[in-house]
Amino acid sequence: MKPTHRARVFVIGTTILLSACASLAGAGTAEAPTPAVLTAMQDELDRSMAAMSKGDPAAYFISYTVADRDYVEVSGSNGALLTTTDTSARWLEVQTRVGDYKLDDTHKLPERQPSWTSPGTTVTLDQDIPVLRREIWRETDRQYRAATEALIKVRTSQQVQVQTAEGAAPDFSSEAPRVSVGPRVEIKVDRTPWEARVRKYTAAFSKSPAVLNSIATFTVLGMNQYQVNTEGARLGFGQVHYRLELYVQSKAPDGMDINRYANFDWLEPKDAPTDKVVFTRIQTMIAETEALDKAPLVDPYAGPAMLTGRAAAVFFHEVFGHRAEGFRQKDINEGQTFTSKIGEQILPDFISIKDDPTEESFGGQMLLGYYPFDDEGVKAEDVHLVDHGVLKTFLMSRSPLVDIPHSNGHGRRQLGFVPVARQGNLIVSSSRTVTNEQLRQQLIEMVKKQNKPFGLLIDDIAGGFTFTGRAQPQAFQVLPLVVYKVYPDGRPDQLVRGVDIVGTPLVSLTKIVATGDTPDIFNGYCGAESGSVPVSAVAPAILISEMEVQKKETSTDKPPILPPPAHDPEEKGQHQ
Amino acid sequence: MRKFSTIASLSALVLLALSLAVSASAAAGNTSNHAKPFVNVAPAALEQAPVSEAESDQTLHAMHDEMDRARTRLQLPGVEKPFYLEYRLLDLDVRSVTSSFGALVASSTLRDRFMSVDVRVGNYHLDSSNFVSEDGFQGFLGSTGQVGIDRDYNSLRQDLWLATDQAYKQAVTQMSLKQSFLRSLSKPPEIDDFSQEPPVVKIDPRVEPEWTTRNWEDESRAASAALRNFPHLNATRVNYYLIYVTYYLMNSEGTTIRSSRHLAGIEAALATQADDGMPLHDYYSVYVAKPADLPDPTTVAKSLAQTATELMTLRQSPLVPDFTGPVLFDAPAAGSVLAQTLASSLSGARPPLSTMAAFDEIIQRMGGRSEWTGRVGTRVLPANVSLIDDPTLKEFNGQPLLGNYEIDDEGVKAQRVGVVENGTLRNLLMSRRPGPDFQSSNGHARSATLSDPQPLSSSLLLQANGGLSAADLKRKFIDACRDDGHEWCLEIKRMDNPALTSIRQEDFSDFIGGVAGGVASGERIPLVVYRVYVSDGHEEMVRGGHIEGLQLRALRNITGIGSDETVFPYMQNPSGGFAGTALGAFGSAQGGIPSSVITPSLVLDEIEVRGFHGEPRRLPLVPSPPLK
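Read top to bottom, the protein sequences are chains A and B. Mapping to the numbering used here: the first sequence position 383 is 383, numbers consecutive. With positions in the second sequence counted from 1, the corresponding number in the numbering used here is that position plus 1000.
Excised from the complex, chain B in its bound form (with noise of 0.2 Å):
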């Protein structure tokens, strides 16, 4: 085995960090900027043979055989046994190729598979689980790591058996360390640790990767070829992810789960600069459940030379003055706002215990405290408006839901959630860390990558009684405007995706700079913003603009909701840190968690838009040079 994080020359796509819906079934979706579903997809597990049957999976075997030994005779002299031991273990065979203007940057494919161990000492109520802490046990392995790709018994087991070893060593230092911080409290936590649920055994075929006969290197030189033709582009990235994946969990409660999952994409982004020197980009993207769903290479073209034209649109586009006023947000920059802002405060699990006064107050300012929990049975929403969130949910109105499993990723059977029902908050999104308002797991426990699974949403749906037509909608919002003495207001098309749009390490920096010590003022990057005039109601492009204050809260102020709803889909960032920001809702098909959004159009009262007011970057000293 090798430790994840001591290895150099572990290349990056071997930590394609992925969770897909844990659905062997209709795992799919799809987006692109111009919202127009490509394909339908038929249930993936239908179509292809199983690879092997559970008995013949040796994989199962090594994992049984290494946990019932542990059960039974894993104890240190003196100390109490594991009372939870769980493994779990990801297998992935990962294609990805990218191009720039026609030229082929990057191409691999890769077969990896990864463990990850739990052990917990202690019971349900009080375990080594929930505790964060500087000191800790530093064991010479570890408990996750790669593990061989054969899928045979011996190697897996010895790997098991290391990492089982040091996660219950781990354990027990932990729980020391936690009972001795307990001690110190005035008053201990009475919520639990941990939920006991009822065991799950779900054994799903495994899927073997079907790239297809399709030359992804040529399509995707083919599909970005068209971005040849904008000269005012400095730079593009176009991505090609195809992605399968089976995910193996088996706990000590009896819980034994083999499903696969997978998952194609393209993502693209493009970047250029307006005349003034403003670096402004835009992305497209595309998911489906697997590589033969793919757009060919001419649709994707045409869909990529719209969005340039569409951006270079915007580099033409007069700046954006500051703004505070009525917001109409079209459906998918709907989708985003609810994605950013509701983020942190769907979930009901409690944060960790802490010995760190850092690491308190830094959950606090990157927003990752949720704003409902304790706040259950209190109006959060406007009356009419309800929040549900479905996994369950395989498809709507016809187009398939990316973030739809059966069960989800600690082993839960996943549950359709109503957290808003007509503006008052009934329900949170649960794994098995209990919080103060819910004890019990629903089953949206999701992780990326082996990560500690937490409660995120999978399928959102904002439902509201007398959602208006799309031209009663947009009157109302004109009359808002009028009503309130403006010329003109603002109506959001796109708001940015910075997962998908920053082409280089840098970029993204730059924007964790920019933005994350921000999370607190609310600041939200529009992408596609046009002025809607009250005189006659005609639309002008405008760029430069970003909000702010845009909370949670200010969704109280929805004063228009139309009947167009749309499925928002989008890679979710499993990352806590950076919560309740636009980097911390999205991640991308290398990395994020297959989630959608679906909302009607929405106006908000009162939204502050500012426009640029820094010092234009300065244009290059050298001009471009041909593209051709």
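Next comes chain A alone, as it looks inside the complex (with noise of 0.2 Å):
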């Protein structure tokens, strides 16, 4: 019906994005000639502000963002090409802020959901300046009369509601504008060669009877983006990011759903997996698929567990770094767990974590969570979150918090949507610190004092930026995937399923005992209320000395009744 399908349209406008950008390679060169975009943008902003700022109510800010966004997929499934596309489009978001910095239109009320979609709106992508004028100055209009709106019913409410300490705080920081207009980037890629490969990975799953269904997906984003403001901010960056993402489904004889998923991230093309690297990842998640299947539900268990780093990595970003987003202190429908910690110890002495988009890499590694400027044009800053165990601030946008009244640069979002605080690129460290092997010698140790069975060794976590996109667990839900029960009297390791965390998971992370020496990385697209946004997190391999899980419900849709078509014995000769 019709109203679905306009839906769907703006969502698609919306898909993925980024923040993260900006080559600074770029940064030593002279600045590129203005673009079009960028004069069209700076013309109309002037022209508004002149006479808005005098309108009843007065604007106090107004923000002009174009986000130019080339997009390549290529995906295939069981063996065939599902998808080869190559689309480009031009985003065009207009804030106009009324009142002041301190009360103005966006001022959250609480008989009023806030509305986490940001208005928007897809512009031309020629570099015709009349045109792209008209566009903006349209949005702009329906942006003031919207705020216009808003402000009488901030002031209303403000004269008959209770204000709680939270709300005390202002709405909007006013922040030191940036000027920085580094060159364009242009993908180029030739679809070709990937609608084969993707045709090919998944060919090589249907080898396997287990797996139901499979599907590789190729991406290419390159993304330009501008932005202007009346505080005299003037930003131009891009970045490009290339992936490849395979996905698998299976059930096991009980009927529930088994997952495999894996992800590669490259900047550069000469930086593409290779064939041999992707069939490798392709045979271990066979692997790992068949051996989920056949493997026991797990008993309900509390004991000591280790988490290797990539699972220990998506854990810190799940139960610690959403709880850290600034904005969430503000809501009074949030868990606040940490709000009123600051300067105190909620984690174990050897533990420091920082969020630092300002990195590119990690260990020769790419890390997804880098950008230069947010969403709300402030710069990146690296946020020492953690220091020795202490709580020491928050992730900062522009909504600032009685005793944070400024941004730290993790104002961020997908196109379409309202910037809020989110992480970059979480990178926990530790000084207390043991090889790995040491450290699962360590976990057999406790459970022998602990006089336990087992213990857990888990080596990947399902988050909300595992599976972003595919109606996967959203932010908080922690699903450990690949779990083993780990003997102490040296049988080999045994894989079991079902595994569900009980309580909060939060007070797991208080219980690590030690860490690894290794870090891994985890890149990946978070998604909460500003959207998907990339990040990485970056974590040791823990020792928790308990934790405690039971059997999670299982679907109730049995495996399918036929055998797959590919492997029917009945029907030998026919398949072709």
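Please keep in mind that the hints were generated in silico from the structure rather than gathered at the bench. Keep in mind that the hints are not guaranteed to be accurate.
In silico negatives: residues of chain B with every beta carbon more than 12 Å from chain A [to be verified]: (1) ASN1123; (2) ASP1165; (3) GLU1190; (4) LEU1353; (5) SER1386; (6) GLY1423; (7) SER1469.
List of simulated lysine-lysine pairs, DSBU-like, C-alpha gap at most 35 Å [to be verified]: (8) A:LYS270 with A:LYS341; (9) A:LYS276 with A:LYS294; (10) A:LYS379 with A:LYS452; (11) A:LYS188 with B:LYS1628; (12) A:LYS207 with B:LYS1476; (13) A:LYS552 with A:LYS294; (14) A:LYS392 with A:LYS108; (15) B:LYS1413 with B:LYS1302; (16) A:LYS341 with A:LYS379; (17) B:LYS1081 with A:LYS251; (18) A:LYS552 with B:LYS1081; (19) A:LYS551 with B:LYS1081; (20) A:LYS251 with A:LYS54; (21) B:LYS1081 with A:LYS294; (22) B:LYS1081 with A:LYS558; (23) B:LYS1628 with A:LYS54; (24) A:LYS511 with A:LYS341; (25) B:LYS1476 with B:LYS1394; (26) A:LYS511 with A:LYS551.
Simulated restraints on C-beta separations [said to hold, decoys possible]: (27) B:ARG1617 with A:HIS406: 29 to 39 Å; (28) A:VAL277 with B:THR1072: 54 to 64 Å; (29) B:ARG1617 with A:LYS551: 54 to 64 Å; (30) B:MET1356 with A:SER88: 43 to 53 Å; (31) B:MET1356 with A:GLN158: 33 to 43 Å; (32) A:ALA196 with B:THR1072: 46 to 56 Å.
Just so we're clear, the structure is a prediction, and the values are computed from it rather than from any experiment. Backbone N, C-alpha and C fix where the C-beta goes; we use that ideal spot for every residue, glycine too.
Taking the hints as your guide, dock the two standalone chains into a single complex.
Take a look at the structure:
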């Protein structure tokens, strides 16, 4: 039905995006000639502010963001090509704030659910200044009108509502404007070889009868973002990101859904994974899928557990990182786990955590959460969140807290959403490290000491950012996918499935007793209130003295009744 | 395969819901606000060589083999086997290009394939369909989804295998929920769930897309650049859609259909604001059989300039005051009114059973109930008026018809149906879902994007004895006006089409908010309205009027009929939810079902037009920037 189509059109314009960006490589070169789009933006900004700052109510801040998004997608499924597309779109976002920094039209009202989607519109791709100006003009008028109406509601509410302490924080922070216009990035991709590759990769999965469905997706995103605002910011920066994702679905005999997922990320075409590397990963995924299908369900258990680096990275991102996002401290509907805990010990004293979007790579590997400026035009900052176990601050957008009046460059969003404080590159470090082998030894000793039959080794965790875009678990859900029982008597590790962590996962973090010495990196897209944004998490393996798990509820949907057509013994020879 | 619903990144155009007339031939027609035929279209299938013979079509092979396996072996232990299996598959090639004021906004070429599997348990009298419940089977993949575009055998079998398995489990779950619901009713419905129809095998040649050598991006830029001469236009969009579809249908009764369909269209929306703040818009559309038939950019530019000129006149025109009396609907406006008011009542299918009281209520409130079921044999229109829906009609007065098809989306042969004969209701449009009045399909099941086929009109003809010439009709209209004591009456030349005039998502949402709630009020929105003075017959454009209370029943008050039968081509919106509104009636080339209404001009008595009463929007604080 029609509204649905429209809604989908909207989603399209806004899927996947990024805020990360700019090649600072261009920093040393001469400033590029001003792109037409930036000229059009500045012209309209000046004209609009001149009139709207004298309006009633007066606008005190206007910003324009234009995102040029070139996107290539080649996907395959079960041995055939699924889609192959190459699209370009230019997205305009206008923010028109009326009132003042202290109290403006965006002020959160208790009776009104905040809208996370920001108004925006698709505009022309051509460098046609008059047409761009007309689109910007129309959108500015629309936003100013909406802001005016919203401010009336805010003021009315102020007169009748009791104000909360959190509500005492200003609605918007003023920030030093940055001016930086780098060169544009372009993408040039021949899709043909990738069409062959995604067919080949998914055909390889089909060799296993355990794999019910497989999808391989190659994407290239070239993004150039421009921003101007009435504080004087003037930014232009771009980044290209290549990605290959592999995804398979299976079902255990009792109907439990089994998924395996892998991703490869790179910045330069030459760094694409080779077939050999991909096929090796495919074989691992098939082996894991087949083993998980046959693995027994976990028994309820409480005892020591070890998380490998990549599992620990996802774990920290989900259970710590999201709770350190500043806007949550403002919202009374949030758990506000850490709201009043600045200066307090929240983790063991050998753990420190920072979020540093300014790092492009870590140990030679790219970090997906890198960006020079956030989506509110603020320069990205390295934020030390936890210093030796003590909580120091929060990740901040331009929505201030009473005690933290400024942004630290973490206001992020997917195109089409309102920026909120989000993670970039969450990096966990430890001052109490042993080798991963020693850590495993410590796990076994702890099992013996606690007189447990076994310990748990968690090798992969699904979080909000491993599966975004596929109706998979959302943020904060932490679901261990690959878990082994580690026996103290030297028996081989045993794969189990259906593991569900009981209680608050956060408690587990306080029970970290030691860490490994080799940090692992996880790159992914994290889905939350402001949409899907690229992030990284870096952590060493960790040993937890006690974690409680139980059996996950299983799906009632049983495995397919008939065997796969390609593996049907009664159909020999018919398959083509 | 990918699920329809769970792929966030699925591009919108991938979802181009289209459902062109099931016909490899002459699915053509055109419209513009100036109602001038651009082209005459020769049957496409005759010009283009078949791409592949059925024997080498791996899609048909995979469908056949997997259906065979399911029919013989698909069964849960202790549970009944399916009695009916159905595979539908849509193979799409779509080019779409959008420009604004001469600048390109978007351009894409997409190729996609989607499947939909239906499995039923039970029997024709009582099966697992026609039942809506809050509970139900939650499968891991679902019975619909995106499938590989290679047209290969292996991947499609894998996808069909899983979808069939899921559909069977859904059917078994639905059947048991339905049976327990039926036991709770004092009197279960006696109408069959599914009609038995003779199987049809018809494998038409598959038509490959012919984009032509024309540069569509440049054409859309050039055409839309004409609007740059109108600085009062706040926003414009000119969309080109070039669409090729191959539709596959196979069922366990022996039906096998492969048919190629194609359509090309231009849809343009123009928005402005009057000096008093009233937002105004206009649209232009043209639909033809294939890209090569689209008008050249100079012709389109000319039409767009005409539309813009009309809109500029409208923004300068006076407001219409409240009015009740005779209204002359010119043929294109009459076509639109018939499309809107008749949409939900032509269907003879019964609505599904539901455990949810709210479901029934929603359908009712949205006007989704047919006013004509149960009234066969009674007078529903003036005695000289007949209504026919004829999908087999290829053209009218030399103008190709968009709604033409040979076999409907359930594989039933299309039939001409005399719905109303001399004012008396005789028939309703039927799919394979029986209703209280009729139990068999008459080949009117139509769907978009593999949605559930519903009985919909194709080419709907209003015919009358004794139609008057334009001059005589006008005279009769003015006489009626004078007799009624009016100084002037209203002539509506064109009605609005909100599916085409919404430039942005929000415009559309505003519209839904404004109108959907008021379905029951019969609100209809005219676009071009003239005041005709009784004294000397002179005309004056007016703006801001809405028609209220224009329901199906108002058609009994047709007091004057012209002899100027005109084709009103449009894209029908298949959604049931907003039936009876302009929203329910109209879609765009991106998602609508090609249809036509053929009607002469009509005079309707006692039409209530409400002038503008709200607060006008304020004008932009900043004047518009220069367009050149």
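May I ask which of the numbered hints given earlier this structure violates, with the numbers listed in increasing order? 2, 8, 10, 12, 15, 20, 28, 32
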